[in-house]
Amino acid sequence: MTHVESSRICKLITCSLSAGLLLSASLPVLADGLAVDKIYPPYVNALEKELEYRVSRAQGGLQAPNGVIIQRLGFGAAISDTLALEAYVIGRGDDDASSFSGYELEARWQLTEQGEYPVDWGVIVEYENSRDSDVEELATKLIALREWGSYIFTGNAGLIYEDSEATGAEFETSFSVQARYRYKAFLEPALEFYAAEDYRGIGPALVGMTRLSTTDSIRWELGSVIGLNESSADYTLRLMLEYEFY
Amino acid sequence: MRKTAIWWVYLMAIILLPAAALADKPVFNLEIREHLFSPSELRIPANTKIKLLVHNLDRTPEEFESYELNREKVILGGHKAVIFIGPLPPGDYPFFGEFNPKSAQGKIISE
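Residue numbers (the working numbering), protein chains in the order written: chain A, 117 to 362; chain B, 720 to 830.
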């Protein structure tokens, strides 16, 4: 890639981000699901496959006055060194999220090579169908990651189109950011901030990776997020376990 | 107030993406042959971003991995990959091949 081509790509990304900024600024910041969820890095590793389990539990606020639990179980695989696909089944409920309530399909593109630019970029396109509440969502999230020595800052900015029988069609936005310190591979403390519909939350998280064999590993994330205003859930707990293999 | 904070985060991201981000970077070559890195020690200038061209001469894939360098990249058999590294302060930064960790080991020496 020549310098001129690279500059054009940078300008294109900058313009796209600016357009996204203007659009999201003019819309309410919202999302009907739980705002607290995985914050994606932009990277895709060729040949990598993963089994992923996520669970979030929220209590209080407008979204979860009686408590909400959402579980996801997914399988994903990289189909090239820049594109990964993943499918999830979802369970959602007040006290029990063991029954199937929907599914989600996800495609993640790595747009720039790690370390090539000051910020690493990626994008995710997600389609979610919630059978229980008859809601369909199509989301596009821009991923940005900046490395400063041992500190990693990751941001996900989402634009979501939601079609629901109850509320009709609407656009939503979401934003989340994670600041992480690379202490040891098995233990990296982080601080996370989330913004979505009627929700602002901040809290600590622990992230880590343990190798099980030569090519198999477990990644995990555990976070606790406190709501910052009256409409936000009082607290949200999240756990992610990811088994990576080749 | 809340929107202002989000605006600021967005704007910071835009500012951190300079259009002319790609000044020429020094290029270094690394080969994977019979599950060994060659050279196994690579000396690079300190505090300089470099472009590492990794050529996997084996028929099987290998993963260049280093927690110290914060890099993880699979290189298919018979293929090349580009890994951008640094700028690094002076020091030793070990790396290994995840698929053959006993034999495929090396380090980058930033000096």
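If you're looking for bench data, these hints aren't it; they were derived computationally from the structure. Values in this document were obtained by computation on a predicted structure and should not be read as measured data. Take the hints with a grain of salt, since some may be wrong.
Unchecked claim - Below, a list of computed lysine to aspartate or glutamate pairs in the EDC-like style, where the Cα atoms sit at most 20 Å apart:
| hint | chain 1 | residue 1 | chain 2 | residue 2 |
| --- | --- | --- | --- | --- |
| 1 | A | 300 | B | 817 |
| 2 | B | 770 | A | 263 |
| 3 | B | 744 | A | 332 |
| 4 | B | 768 | B | 753 |
| 5 | B | 744 | A | 229 |
| 6 | B | 768 | A | 229 |
| 7 | A | 300 | B | 787 |
| 8 | B | 768 | A | 263 |
| 9 | B | 770 | A | 164 |
| 10 | B | 770 | A | 229 |
| 11 | A | 300 | B | 811 |
| 12 | A | 154 | A | 242 |
| 13 | B | 799 | A | 164 |
| 14 | B | 799 | A | 332 |
| 15 | B | 770 | A | 232 |
| 16 | B | 799 | A | 229 |
| 17 | B | 821 | A | 263 |
| 18 | B | 768 | A | 332 |
| 19 | B | 799 | A | 197 |
| 20 | A | 300 | A | 242 |
| 21 | A | 300 | B | 791 |
| 22 | A | 165 | B | 791 |
What the hints assert, rightly or not - Derived Cβ-Cβ restraints for the label pairs, each shown as a range:
| hint | chain 1 | residue 1 | chain 2 | residue 2 | range |
| --- | --- | --- | --- | --- | --- |
| 23 | B | 808 | A | 252 | 47 to 53 Å |
| 24 | B | 808 | A | 254 | 26 to 32 Å |
| 25 | A | 305 | B | 809 | 49 to 55 Å |
Just so you know, even glycine gets a beta-carbon here, dropped at the ideal spot from N, CA and C.
Verification of the hints:
The suggested pairing of residue 300 of chain A with residue 817 of chain B holds, with an alpha-carbon distance near 18 Å, which does not exceed 20 Å. With a C-alpha separation of about 17 Å, the suggested pair residue 770 of chain B and residue 263 of chain A falls inside the 20 Å cut-off, and the hint holds. With a C-alpha separation of about 34 Å, the suggested pairing of residue 744 of chain B with residue 332 of chain A is violated against the 20 Å cut-off. Restraint check for residue 768 of chain B and residue 753 of chain B: the C-alpha separation of about 28 Å exceeds 20 Å, so the hint is violated.
For the proposed pair residue 744 of chain B and residue 229 of chain A, the alpha carbon gap of about 14 Å is at most 20 Å, so the pair holds. Among the hinted pairs, residue 768 of chain B with residue 229 of chain A is consistent with the structure: their alpha-carbon atoms are about 13 Å apart, no more than 20 Å. Between residue 300 of chain A and residue 787 of chain B the CA atoms are separated by roughly 9 Å; this keeps the pair inside 20 Å, and the hint holds. Restraint check for residue 768 of chain B and residue 263 of chain A: satisfied, since their Cα atoms lie roughly 13 Å apart, inside the 20 Å limit.
As the CA atoms of residue 770 of chain B and residue 164 of chain A are separated by approximately 24 Å, the hinted pair breaks the 20 Å bound. Using a Cα cut-off of 20 Å, the hinted pair residue 770 of chain B and residue 229 of chain A holds, with the two alpha carbons roughly 11 Å apart. A distance of roughly 17 Å separates the Cα atoms of residue 300 of chain A and residue 811 of chain B; the hinted pair therefore holds under the 20 Å criterion. Note on residue 154 of chain A and residue 242 of chain A: the hinted pairing holds, with a Cα-Cα distance of about 13 Å set against a maximum of 20 Å.
The straight-line distance between the Cα atoms of residue 799 of chain B and residue 164 of chain A is roughly 18 Å, inside the 20 Å bound, and the hint therefore holds. Proposed proximity of residue 799 of chain B and residue 332 of chain A is contradicted: the alpha carbons are some 24 Å apart, above 20 Å. Taking the CA atoms of residue 770 of chain B and residue 232 of chain A, the gap is about 8 Å. The hint holds against a cut of 20 Å. Of the supplied pair hints, the one linking residue 799 of chain B and residue 229 of chain A holds, its CA atoms being roughly 14 Å apart against a limit of 20 Å.
The suggested pairing of residue 821 of chain B with residue 263 of chain A is violated, with an alpha-carbon distance near 29 Å, which exceeds 20 Å. Restraint check for residue 768 of chain B and residue 332 of chain A: the C-alpha separation of about 31 Å exceeds 20 Å, so the hint is violated. For the suggested pair residue 799 of chain B and residue 197 of chain A, the alpha carbons sit about 12 Å apart, so the restraint of at most 20 Å is met. The hinted pair formed by residue 300 of chain A and residue 242 of chain A fails the criterion: a straight-line CA distance of about 31 Å is larger than 20 Å.
Restraint check for residue 300 of chain A and residue 791 of chain B: satisfied, since their Cα atoms lie roughly 15 Å apart, inside the 20 Å limit. For a cut-off of 20 Å, the pair hint linking residue 165 of chain A to residue 791 of chain B stands: about 14 Å separates their Cα positions. Evaluation of the 47 to 53 Å hint for residue 808 of chain B and residue 252 of chain A yields a pass: the beta carbon distance comes to about 50 Å. Distance hint check for residue 808 of chain B and residue 254 of chain A: the Cβ-Cβ separation is about 44 Å, which falls outside the suggested range of 26 to 32 Å.
Our hint of 49 to 55 Å for residue 305 of chain A and residue 809 of chain B is violated, since their Cβ atoms are close to 27 Å apart.
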